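Using the sequences plus the hints, can you model the full thing?
There are 4 protein chains.
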Amino acid sequence: MTQQNRMCGIFTPNVVPLDTHGEINEPETRRYVDWLIDRGVHGLYPNGSTGEFTRFTAEERRRIIEIIADQTAGRVPILAGAAEANTRETIHACEHYHALGVRAVAIVSPFYYKLTPAGVYAYFKEIADNSPVDVTLYNIPMFASPIDVPTVQRLAEECERVVAIKDSSGDLPHMMRMIAAVRPLRPGFSFLTGWDAALVPMLLIGCDGGTNATSGVVPEITRKLYDLALERKLDEAVDLQYRLLKLFDAMLYSAEFPEGFRAALSLRGIDAGKGRQPKTAVQQMELAQLTNQLQCLLAAEGFTDEPVGGCPAGDGISPAQLDRIVKQVVGELRKRGVS
Amino acid sequence: MTQQNRMCGIFTPNVVPLDTHGEINEPETRRYVDWLIDRGVHGLYPNGSTGEFTRFTAEERRRIIEIIADQTAGRVPILAGAAEANTRETIHACEHYHALGVRAVAIVSPFYYKLTPAGVYAYFKEIADNSPVDVTLYNIPMFASPIDVPTVQRLAEECERVVAIKDSSGDLPHMMRMIAAVRPLRPGFSFLTGWDAALVPMLLIGCDGGTNATSGVVPEITRKLYDLALERKLDEAVDLQYRLLKLFDAMLYSAEFPEGFRAALSLRGIDAGKGRQPKTAVQQMELAQLTNQLQCLLAAEGFTDEPVGGCPAGDGISPAQLDRIVKQVVGELRKRGVS
Amino acid sequence: MTQQNRMCGIFTPNVVPLDTHGEINEPETRRYVDWLIDRGVHGLYPNGSTGEFTRFTAEERRRIIEIIADQTAGRVPILAGAAEANTRETIHACEHYHALGVRAVAIVSPFYYKLTPAGVYAYFKEIADNSPVDVTLYNIPMFASPIDVPTVQRLAEECERVVAIKDSSGDLPHMMRMIAAVRPLRPGFSFLTGWDAALVPMLLIGCDGGTNATSGVVPEITRKLYDLALERKLDEAVDLQYRLLKLFDAMLYSAEFPEGFRAALSLRGIDAGKGRQPKTAVQQMELAQLTNQLQCLLAAEGFTDEPVGGCPAGDGISPAQLDRIVKQVVGELRKRGVS
Amino acid sequence: MTQQNRMCGIFTPNVVPLDTHGEINEPETRRYVDWLIDRGVHGLYPNGSTGEFTRFTAEERRRIIEIIADQTAGRVPILAGAAEANTRETIHACEHYHALGVRAVAIVSPFYYKLTPAGVYAYFKEIADNSPVDVTLYNIPMFASPIDVPTVQRLAEECERVVAIKDSSGDLPHMMRMIAAVRPLRPGFSFLTGWDAALVPMLLIGCDGGTNATSGVVPEITRKLYDLALERKLDEAVDLQYRLLKLFDAMLYSAEFPEGFRAALSLRGIDAGKGRQPKTAVQQMELAQLTNQLQCLLAAEGFTDEPVGGCPAGDGISPAQLDRIVKQVVGELRKRGVS
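Protein chains in written order, with my numbering: chain A, 68 to 406; chain B, 68 to 406; chain C, 68 to 406; chain D, 68 to 406.
Just to be clear, a hint being listed does not mean it is correct.
If several chains are the same, the list does not tell them apart, and a pair holds so long as it fits within one copy or across any two.
Here are the computed lysine-lysine pairs in the DSS-like style, where the Cα-Cα straight-line distance is at most 25 angstroms [as the list claims (entries may be wrong)]:
no.: 1; residue 1: 192; residue 2: 300
no.: 2; residue 1: 291; residue 2: 346
no.: 3; residue 1: 291; residue 2: 313
no.: 4; residue 1: 341; residue 2: 181
no.: 5; residue 1: 181; residue 2: 192
no.: 6; residue 1: 181; residue 2: 346
no.: 7; residue 1: 192; residue 2: 346
no.: 8; residue 1: 300; residue 2: 181
no.: 9; residue 1: 313; residue 2: 300
no.: 10; residue 1: 192; residue 2: 341
no.: 11; residue 1: 181; residue 2: 291
no.: 12; residue 1: 313; residue 2: 341
no.: 13; residue 1: 341; residue 2: 300
no.: 14; residue 1: 192; residue 2: 313
no.: 15; residue 1: 181; residue 2: 313
To be clear, the hints were calculated from the coordinates, so they are not data collected in a lab.
Nothing here was measured: the structure is a model prediction, and the numbers come from that model.
Structure follows, in structure tokens:
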């Protein structure tokens, strides 16, 4: 593969809309696919971490890819999350997704057990040697066994099928080390970042694109960031990166992942439904407050109206909000038996 | 539940024997169950971390419990690992295992995503409220979201179905904090340690037993440790704990978990087969060396003969072994392109 | 050195009483030394972590040892913290403390920079080769470069001057691994634990004693624990360990270390003064609340009267306390600009 | 302070040249100061982590600043590391360095003990309220208590004396969060990065400069990077950043910090001497090998000749080097008693 056909651009790791019974909401999923493509994302990345692949059964994971491949109908390439319980199951998934016409699969490094670099290598080698479709390595060290630079290099050297790495570490020098180690040998190898907070800098040092959760909620911004970085409109790109960071932090750190993204998506008119991970009453209150805050942030970008009570000027918290927080703290203290 | 019917004793988290195709070896699994019960383990704990539950499909996990429940035939209680992709699937597994007559299920805390204490609580609460069978919490912070002391206490207070915790942190004061928080309210609640290296001290400070991987390989020792601790034969117990520690460390730290346990089990005459996680050539050599070392350790305990080349006196490495190590290092350096 | 003259027992890592100007309060320090010896501690350990050695100047550290050596006057052995900026300065301190008649020095592993095992070895080797007084290694991996088992073994083998290790990791199997590696070669080598929360189990698996911050506040309990463990009065020892754990956790986790110990010491009639690390207004309020809670815990052990407002039955929080907490939370929220 | 007089540019955290007795080599230190200024660094930063401030005595730390201030003679601003054992000692150092005419002091967050954000705040607040000279916060979470974003924001709001932060976390989004939180309120507040590996991206998202260890060895490159980033010559800047990364990684990760920098500096003609941290024989061999490798890297940049044996083409290791490595491994194995 030459440089010109590297996988590049913004691949959206889509949330899966759920209905009121917690089942895959197929019509809304199809509508969401169109909505994303209409807003300019370069590809779709179902069964990623944002797609909560671990919370679906093996059958559901297949169905998700089937729906999305069918609805996409070749308009954009699909990067299909294909990790299953073991290499044999994963290879079967690769075969199935290949038959559906996906551009490549993405395989997260083994998780639960923390493997050594040798184990990580052996795992990907076996899959790459048996997959009929191109493979993207997926490094997300906060959740799974890390894929270190020598392992990426060795897999890139030995396995033609391995064509890309998606790295969600957010560690910029780490990305540079991978690019320095692999690009001379494999000019067609693609480097995608999963860390929206550093998307512009990552693109500037040579990344080919990103698989960014924000692009599922504000595809207009994430796509624009990509374009600005490519056009080397640095000041505009950095300014927009700061705005995206604010949204990203609010969606990522204020609720169990990816509930903040699900909440924001609903504000944009996609009925994402409730996630499958149960919530306490306090968590539900917090999510309601977060939704309010997200609505203000999205309104500031012109994507929604402000919430009924209005938004605070600057970053302040309104007296009414303070009152709610205090009541909630007191309630929580009571709940923990302190009164 | 009163103190007298707390779950107690040694529950073996069994490895699953695999055949040459990597499939569940049912006859050997049945033979292994008998072998363990004959050697005195108090219960069985299939689909634990040692049982590599994440490397089997949902269907295989069910079949493993079915085989073991059928073979056990009520001789000892079964603690069935029942974690599935989400709470609904997990509750279905609880129902199925309940119908098979297991004593309780064990549910590992959510993994991959790292949940907050509130999320961990909500997860177990929903399962406990819907399970027809007693539930054991499973805390293994090196692999999954930690279950902190207030969460254990709250679940113990609110959920009668939650009857035990298996803790594999190995943190002794943490175990004491849990016991101090829960035992006054729930005298029948059981505390099991999954950290073989501290089994005796854990039993001395009040644990009811353990789910210990070593008991799958040297059930005679692990069971003996339990008896000595209960009989307060302190010096004998501590001496034996030191010997078990040596075996435990060798099996745990010298290969990808649980390959060391699988290798040792084969030395004891149970054909455990090869694990599903692929291995590099170097890893296979290392595993062969480890097997040799394990054979020496098991021979020292009278469980096997010494290997053909004999065992070193003390902990030394023989010149032949040194030679092998050096060759291996050189080979590995070559492989990495340094010659 | 043979087994019989191993350093053993409880060495108190004493807090340094400060006067209202933040200077070393020499008269109170001398009174505290007598108070501790009268209550049965086996030795003193000035300039430890509890003694905040990093917050004193090099001159003050020397003066602290001089005062304590003079006041002790040979009644109990002294383990003198002697770590200075580099090996040369540390060796000078060893020489000075040797002239003062201390039993041994304790040298914390290099901190700030995180050294490799080779660096840690080289550091201690140089000191041991040049110290005129016995050396205790001090392993506290939460604050300083870890000293791993091979390094302890190698230093024990090569350096006669190295006679002990103080380990504050609290990791019981780690202690067992060190004992297994060193005791056969050096029967006179001493193992001391700095983790009060596991003192009884540590003594049961072969530790010779401890350097325990609680012994500076409730020497009666820590000493009693040691005696019970030696007499193998297991049930009494474990029961007392649970009570000590409660005190230890309260003093350790509710304020910046070692402010909780300083506060508790003042409740016992030693005027410890205020620590040198500045505190916010909120931290001062929290410390006042902690003092109240500690007074209840100490009163329950018969060491103090209850505070004026009485103590809650069980572990509850009184309505008045709840009210204070809520006010404080609100105040803190205001301070952070949310109103 | 307005935007135009923010501290900006490259401040060199200089190594301190030592003589054969391990004493400060004053003449060489003076020569080094001139060498750095001649090569274009914007300022000097003595007593930083690269300057091994913890390995010098308090008196030596003062002397280092005195020598450097005297030699600099106002040609470039000095940022003087001023952290001492406690706030009082630190404030005295601030006063002394102020009298010497330094531009500002840099105070590392409290280390050894890990403080809470409240403790970190209180520490800096007390210093800032009493220092006669501007204060730079120094965040290096791998070695010291982290300074979180709200703490930086609060100190920037409340303390006019606090004029900058030096952040060595290397976390780019973290830097953006600090800038977003502080710059609107304090346009004159300066953000400096200590992580050379991300210098260009940091400058592009708004950092004012860096305190970079590489600038002490290859000031020409680090300064050039700064200029290219300011001139928005993106492609040249990124290309040079990749080359600097290679040097940085080699100096940082192949020996105990900062020995790699000391070795490289000697290759550039500054007699840095041996560091004070002792080394094993194996470490000395490794350092000799690293020096060889560094000479090749510096030769590739035109700063030195190639070593006598020549340099490998590309990144390979020569057969002679492989031979040395193998001999060393075998020797080390022997040393550990395996033969």
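So, going through the hints one by one against the coordinates:
For a Cα distance limit of 25 angstroms, the shortest separation of residue 192 from residue 300 qualifies neither inside one copy, at 40 angstroms, nor across copies, at 40 angstroms. Proximity of residue 291 and residue 346 under a CA criterion of 25 angstroms is satisfied in neither setting, with 35 angstroms inside one chain copy and 44 angstroms between copies. For the identical chains of this complex, residue 291 and residue 313 are intra-copy neighbours only, at 16 angstroms inside a copy versus 32 angstroms across copies, given an alpha-carbon limit of 25 angstroms. For the identical chains of this complex, residue 341 and residue 181 are inter-copy neighbours only, at 19 angstroms across copies versus 31 angstroms inside a copy, given an alpha-carbon limit of 25 angstroms.
In this assembly of identical chains, residue 181 and residue 192 lie within 25 angstroms of each other by CA distance solely inside one copy; the values are 17 angstroms within and 28 angstroms between copies. Taking the shortest Cα distances, residue 181 and residue 346 sit within 25 angstroms of each other only across copies (14 angstroms), while inside one copy they are farther apart (28 angstroms). Taking the shortest alpha-carbon separations for residue 192 and residue 346, only the inter-copy value of 10 angstroms comes in at or below 25 angstroms, while the best intra-copy value is 39 angstroms. Taking the shortest alpha-carbon separations for residue 300 and residue 181, neither the intra-copy value of 41 angstroms nor the inter-copy value of 37 angstroms comes in at or below 25 angstroms.
Taking the shortest alpha-carbon separations for residue 313 and residue 300, only the intra-copy value of 20 angstroms comes in at or below 25 angstroms, while the best inter-copy value is 28 angstroms. Taking CA atoms no more than 25 angstroms apart as the test, residue 192 paired with residue 341 passes between copies only; the shortest distance there is 18 angstroms, against 37 angstroms inside one copy. Taking the shortest alpha-carbon separations for residue 181 and residue 291, neither the intra-copy value of 37 angstroms nor the inter-copy value of 31 angstroms comes in at or below 25 angstroms. In this assembly of identical chains, the alpha carbons of residue 313 and residue 341 lie at most 25 angstroms apart only when taken from the same copy (23 angstroms versus 41 angstroms across copies).
Proximity of residue 341 to residue 300 under the C-alpha cut-off of 25 angstroms is found in neither arrangement, the shortest distances being 39 angstroms within a copy and 47 angstroms between copies. Taking identical chains as interchangeable, the C-alpha atoms of residue 192 and residue 313 are never at most 25 angstroms apart, the minima being 39 angstroms within one chain and 28 angstroms between chains. Proximity of residue 181 to residue 313 under the C-alpha cut-off of 25 angstroms is restricted to the inter-copy arrangement: shortest distance 22 angstroms between copies versus 32 angstroms within a copy.
Checked against the numbered hints above, the structure violates hints 1, 2, 8, 11, 13 and 14; every other hint is satisfied.
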